[in-house]
Amino acid sequence: MLKFIVRRLLGMIPILFVVSVLIFSFVRMIPGDPARLAAGPDASYQDIQAVRAKLGLDKPMVTQYLIYVKGLLHGNLGTSLKSGRPVTKVIGSRFMATFWLTVASMAWAFVIGLFIGVLSAVKRNKWQDYAGMFSAVSGISLPAFWLGLMLIQVFSVQLGWLPTGGFASWQSLILPSLTLGSGVAAVIARFTRSSLMEVLKEDYTRTARAKGLPPNVIVWKHALRNALVPVVTMTGLQFGFLLGGSVVVETVFSWPGLGRLLIDSVAFRDYPTIQGEMLLFALEFILINLVVDVLYALLNPQIRLE
Amino acid sequence: MKKPVLEITGLQTHFFSDDEVVRAVDGVDIRIEEGQTLGLVGESGCGKSVTSLSVMGLLGDTGGKVVAGSVFFKGKDLLRLSDKEMRRLRGHEMSMIFQEPMTSLNPTLRIGEQIAEGIRLHLALDKKKARSRVLETLKAVGIPRAEGIMREYPYQLSGGMRQRVMIAMAMSCEPDLLIADEPTTALDVTIQAQILDLMRKLKEKKETAIMFITHDLGVVADMCDRVVVMYAGQVMEEADARELFANPGHPYTRGLLGSLPKLLSGQKRLGVIPGNVPVFKQVPSGCRFAGRCSYQTEKCLREVPPLLKAGDRHLARCWQTFGLAGVEAGTADKAGLQ
Amino acid sequence: MPQSFEKPAHGSGPPTLAGAGGQAVEPSAAELPVARDGFQTELTVSSPFTEFWKKFRKQKLAMAAAAFIILLLVIALIGPSIAPYRMDQPDYNNMLAGPSLQHLCGTDEFGRDIFSRILAGTRISLWVGLSSVAVGAVIGTILGLISGYYGKWVDAMIMRISDVLLAFPGILLAIGIIAILGPGLNNVIIAVAIFGIPIFARIVRSSTLALKSTVYVEAARSLGARNRRLIWKHIFPGTASTVIVYFTMRIGTAILTAASLSFLGLGAQPPTPEWGAMLSSGRDYLTQAPHVAFFPGMAIFLTVLAFNLFGDGLRDALDPKIKG
Amino acid sequence: MAKKGMMLVLAALFSLSLVLSGCGSSGNTAASVQAVQKHGKNITVAVQDNFVSMDPGDTNDTLSFSAEKTMMEGLIGFDREMKMVPVLATSWQVSPDAKEYTFHLRHGVIFSDGTPFNAEAVKVNIDRLSDPKSTLKRHSLFAMVDKTVVVDNYTVKVILKQPFGAMLNNFAHPAALMVSPKALQKYGKDIARHPVGTGEYMLKEWVQGDHLTVVKNPHYWRQGYPKLDSITFRSVPENGSRIAMLKTGEADFIYPVPPEDVQAMSGANGITVQHKPSIIVDYISMNTMKKPFNDSRVRQALNYAIDKNAFIKVVYSGLAEPMTSEIAQNVQFFSPQQPYKYDLAKAKELLKAAGYPNGFDTTIWSNNNSTYIKATQFIQQQLAQVGIKVKIENMESGTMDTKIWSVQNPQDAKIQLYFGGWSPSTGDADWGIRPLLGKDMLPPKGYNTAYYQNSVVNNEIQQAIQTADPAQRKAAYDQIQKAIWQDAPWVFLDTRDNIYGFRNYLKDAYLLPDGSLDIQNAQIVR
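Residue numbers (full-length UniProt numbering), protein chains in the order written: chain A, 1 to 306; chain B, 1 to 338; chain C, 1 to 324; chain D, 1 to 526.
For reference, chain A alone in the conformation it holds in the complex (with noise of 0.2 Å):
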């Protein structure tokens, strides 16, 4: 198992390398000045030619890209072009916000969405998987914006109960995750139900049942293991893509995390900003990807890792 992660971990390296050159040149091909940006609305040429230099932007692409790659090599992610500060400490001032809001939503989602499965595959065809699948399929359907707006209008101006936004409390953490963790919540509880259901048609489960066992031992002990791995697969997944930031969630909410941060670095082209972006969610995109891996093993003895 150790083994396995090491080499995991070790085959990594290649792959952000392959994703530091994409970034590098992706960025680039999108049209846009940068040194116009960080100049301001009313700069002058002088001031556009002088920032321009000032950032390192008149020289070849290739040398830019040398000096980026040395400073990676020196854990060095460079300075962004908007605020000047080095783009680890931007990124890592925002990445709190981020893990946050997304530990809350996977977690209230995953709960909810498991629950919502493993009643629609128990009671499939009847009015709970109805409502259940409705529900689910509801919570992917609803435009982000809109439901976190009228929470919003609902929660913290009708009733006062909670703060519009912000990252301050646990209070505030409510709405936005109540928000983001809507559409995982429905992926969750589809998934749950469908891969539930095949279990439950498993000669397993009629083994456990001719044991004697009450349903809800049945489902939750012997069915619902089985039934996790896809469901596993697909929350590593989410969580991977929440990690990222959610631009609409975190605009309604004022939550300074780094799905603000990329489209404002997208907004003002702050190159370095959106490569040190870009590299770390390659990075918690791999991580995922092995924690997922462990946890099959983990579910499911069959899988060893190798």
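FYI, nobody ran anything at the bench for these hints, they're computed from the structure. We put the CB at the ideal spot given by N, CA and C, even for glycine.
Covered stretches of chain B, going by a simulated chain A footprint (3 or more residues, C-beta under 8 Å):
#, stretch
1, 52–60
2, 93–105
3, 116–128
Please build the complex by placing chains B, C and D on the supplied structure of chain A, with the hints as guidance.
Showing chains B, C and D alone in chain A's frame:
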């Protein structure tokens, strides 16, 4: 006559799908006495497995429903019990072994836990006592290094070992009735012999009544005291094992016996029963086997034959039983047999 | 042909040994198409469509969704001609009017009839949804087939690329693509299609892997079938049902993605009545005239919901692992 | 637990449909939140964007200036009408050739880190901005400074390389806020995170992307100020969320308020919404080098064809004024012109005279925010009335920048119509006209997207910056404005209002016409 452990009377289990009704079990009577091993024989789709699932109350969401009849188990009508009461019996006083040892064990739970949970549930033993009981049962089914196996997962075991585990699981609470649904079909021949051997030993030791479901008459000859032959949802013939093999009273039984290879018999080709087991959506007018029967007459197509006496403790559902067995046309009804 | 016993195959004639077609059938459980619990619904091979329809019909939610989708398609075809107003007809004296008999869904910030715009927008949203998923599905399926069938470095390469695509934040990709290609509906379709490629590639690859080792493909291969023929004649049909299911479910996602692009100002160019663009402009009037956002939002919600429920129903009906 | 969460979602969905099914009615159910009584003297200001920098010389966004102004002061400041008022300089003289500027400084002022404010400190600041090697974003405002001379401890003289009549405005610009020399030395490049000035407040903490808090400066020189203990600026990008915060009392002051929401908000309990004319103008520039816009009759026709009042009603919910010159009323040397009235007949006539009786096809470029999308749609609808078919291309600003400013040769320019806005941050006519319509300001050098070149205008622009004499400058700008208005390189649309909202107990917090916030003198009244 010994006390019956299980007495099935007029059992009808139908499957409902869309607008169709399939009569998978259509009026079956079966009686198993204490310590007796009853073979339930027939081709795939004849209703033998459905009968067993109906007894165990495991039809679940297969779409099947018991619509008539009674199933008395130790004096209680199982069909009238609540789910909760049924659960108390299942795996405790009556248990079941399935055909597929490869898929019948939960791949994510350790062997020890899978056996122990039933013991803890039914016998209310604490963890430690349950554990020693598990160990005991595993040893009883001939599993070497039982301690180690308890901590292993199903994928680490061979098919034969898994079936032993299944048997251990079924026997762990010392049931009065064990239903074994083709327990050896999926296994290699050599392993089959071992498992049958094991079951025979257990049967002798614990005096458990067994309903042994199989399509293999060879196994029946080996294991069973009495045999019920089923076809298309009905009992076609019922007799003690010896009697059945000596004097098969029904053309279908004959067919089955004909398809059995006999050593040293000099037989060139195995016999074949043409056609498949039919599925009934409506009550047919005549004998259900008529379409595949080489002795078919007009009466066979017109009237359903009742179970007719075909010998000592021997019934067969055929108008021409006498013609086959050389026994006088059975006028005796079923009641006379018992 | 159903083989039923009410009408014996050989009537009342003399008994013969031959069964149906004179073929001998072994009384064995092994190879018969019979469920393990000894229960057999049909001995017959009915057409796959009938089989599918029987299963699908039972799902009430999916049936309702299918009906709604048909309605949408009809509106997409005839929408503009039944609309009470021209979708781009402004009326500065009647801006942001609430729903009334004249304007069923009220008017927007230019006094345009929202109901007419939603009708006209149906065609656009459906077109964006269908065509972008189609493009993504075709490319993704081909890549998935190649990846799963040939394996080795081809597989590794395609899968790594799709990993990178998946890890790429959609927003950045969309901004990039639209910035490079320019704004407009067609480029939105391309951007949304690209999101779908890695997903289809993954799904098709995994079913290809499963099918590659099945008996019938092995058999065809041993008979010397060419690779391309094997892929198209034997493997692709096996993956088709999964592709159809995801295709349906992705349509909803694609419509939502296109709407979010409009929300970010990267979508259809005005005055195109794309629902996402309408929703986005309605955002400015949430307190003052909520109907401006409500009706397009509802249109998106119901359409996406319908496609998702329909997709769920398809999956339940097509997936052989889920039995009725 | 799981169930409860689900119930919350369902409840929310349910109430959502209730809220929305009430559309048609005013839709705004009066906020049930009671008028919050303010305890303590700490206020929260909700703003739209993130702060970028706290180094005035390296700042180019009005928002960052707003926060800087609570902590730092300049020699000169602007009052509510953008008139210059003394702050750290008590008085000043300008030489007639507009090359020498002498400032007399206020005595007894210290920076919040204890450094005394004096002529030396001013010199350090001006030298930093005017250093030719400087890469500060606001270097160009002081690029023409030759040298800064310390006359005595409280007198400083700035000498320019060439005359520049608008220089005082540059000193009043927030870029010239005075930073503690000690802090500059101590923090170097990091001064952007550690602002130290003479202002009413001092930086307490700045969490990037979330909030910035300033607290009372105990050493502040003006008696009785500041009146508050702290001000927290919170960045809340979503309009609806910002309004919600004001309603719930989570924010005491918010800006901007979208014009669409003003009506609905004004009635709400304990809230005041204010709107005042800004110095931001909205215009459509027409490429005067290319057909059909090389004909002034066509350009005038477009001016006649668009109903500015309807434009304001549709795009700004009525909260703007039609333009009466190419600069806004609050910009220095503004002189009103005769408006182009909405007159379709006249527009058609002009088009016919120019040889376009049936109109023509053209394309308009603009940014892709929702206001601009709305504005371009309106323009499209209006011009359709005279047969001009407009194709709208709303682009993300970076993309549009490239399309406009990567063009080296004016002949290659693809730009036809361009809808945009301009805010001259110095508040002077020079920066309101020269970068947009001056001859040296064609892309990529400047912002002359109309590719407009008029020798009369260019001469007068030069005249106006050669002198610091207000009368001479006024005369020049009168001529310039008249000529441009006649020539119509733009469709002159409107001057926007600045709109902000606050809770009633807050006094003396307002927006300046340039869109920057003046909150350092704010107080709470009970």
